[in-house]
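Asker: Sequence:
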Amino acid sequence: MIMKTIMLHDYFKTMEGGGRLSLILAQRLGTDLGYGFKTRVHPYFDVYRLAGRQFDLGIIGDLAGWRNIALIHGFTHRTDFLKNYGAVVYSGFYAPMAIHNHPQGKNIYYCHTPPRYIYDQHDYYRLQYPVWSHPLIDALIAYHRPRYEAAVRRMDCVVTNSKNVKERIKTYLGLDASVVYPPCEIEKFKWIDQKDYYLSMARLDPLKRVHIIVDAFGNLPNHKLIVISDGPERKTIEKRAAGHDNITVMGPVSDAVYRQLIGNCIATVYLPKDEDFGMSPVESMAAGKPVIGVRSGGLLESIIDQETGMLIDPDPTVTDVMDAVKCMDRRTCKTMRTACLDRAAHFDGRLFISRMRNLLNGKESN
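When we follow our numbering, the leftmost residue of the sequence shown carries the number 1, and every step to the right adds one.
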């Protein structure tokens, strides 16, 4: 029997994978849940109804930089309630700061990735802000990095979502980690039909490179594309799609519409830069839909090239995407249906829950 456990996640603001994973774990294992803050109406809380107790730390602050400091401070000073638990599972960049409030019992860190703004994508994130703010960013990193590294080193067990991130943890933190692939609720995704469109579900962020997908379909007027999700590049994506009748930008959609769009598409297109793992390709395959992806990051662990999709250059051009779409026509994609379903089964959420339960019970070593 699992000791009294709480799941601690950074915050719930957008529809991101770490939040979904945390709620699935809390729901399936019946644990309590703590978080820095959540938006007033968050769709995940309608889908994953929790029976356990919730702790909202009430951390306020939308200003980039200030919010980071507030989260570090909040998890450090507002988590005395952890002393009432036998085990804590931490998720995110800031939740681990609470570990000093749980000196007795088991501490497990599910690391989606070490903070990329501190480590491998430091230069990229710096360039997203004006030059005058760079000293402030450097000061934030100098404040966050030692606290994060000290917290992670106190964990009894570090778990991560892919071999790709396992290598990052080894490189930047000098620690080993167990790979437990994140949960895909494959039973929720079904092949419905094969209609006349391809689908992009990635967050509208520069690192997801949805703009390349849109530009490719802008040159393929006989191929339809639907773009869903939201993010800082939404206006840019909408402008690039303007004037192309074959491209529809829908923005964020409900879970039900999301599953329906996947179940009816020809294939999905997903081109992230060095993705941690990426749940979208697994969800696509769970519906029997192959993926046009990039030969890098976590996609190398989920997609089987020429069997459950097509992997193109890690830094794809518009032409690369156009050529892939032409190759992945309706007939070709339909022949991959069974292989996609078989592949998705390797990431069944029940396997995730079973392995996390074993870790909490001490039946698996780090």
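Hint data in this document are derived by calculation from the structure and do not stem from the laboratory. Please note that the accuracy of each hint is not assured.
DMTMM-like mimics (lysine to aspartate or glutamate), calculated; alpha carbons at most 25 Å apart, straight line [claimed, not checked]:
#1 Lys163 <-> Asp205
#2 Lys170 <-> Asp274
#3 Lys334 <-> Asp255
All figures in this text were calculated on a predicted structure; none of them were measured in a lab.
Asker: Evaluate each hint against the coordinates.
Answerer: A quick look at each hint next to the structure:
A hinted pair counts as satisfied when its Cα atoms are at most 25 Å apart, and Lys163 with Asp205 qualifies at roughly 24 Å. Our distance criterion of 25 Å between C-alpha atoms is met by Lys170 and Asp274, whose separation comes to about 16 Å. Using a Cα cut-off of 25 Å, the hinted pair Lys334 and Asp255 holds, with the two alpha carbons roughly 24 Å apart.
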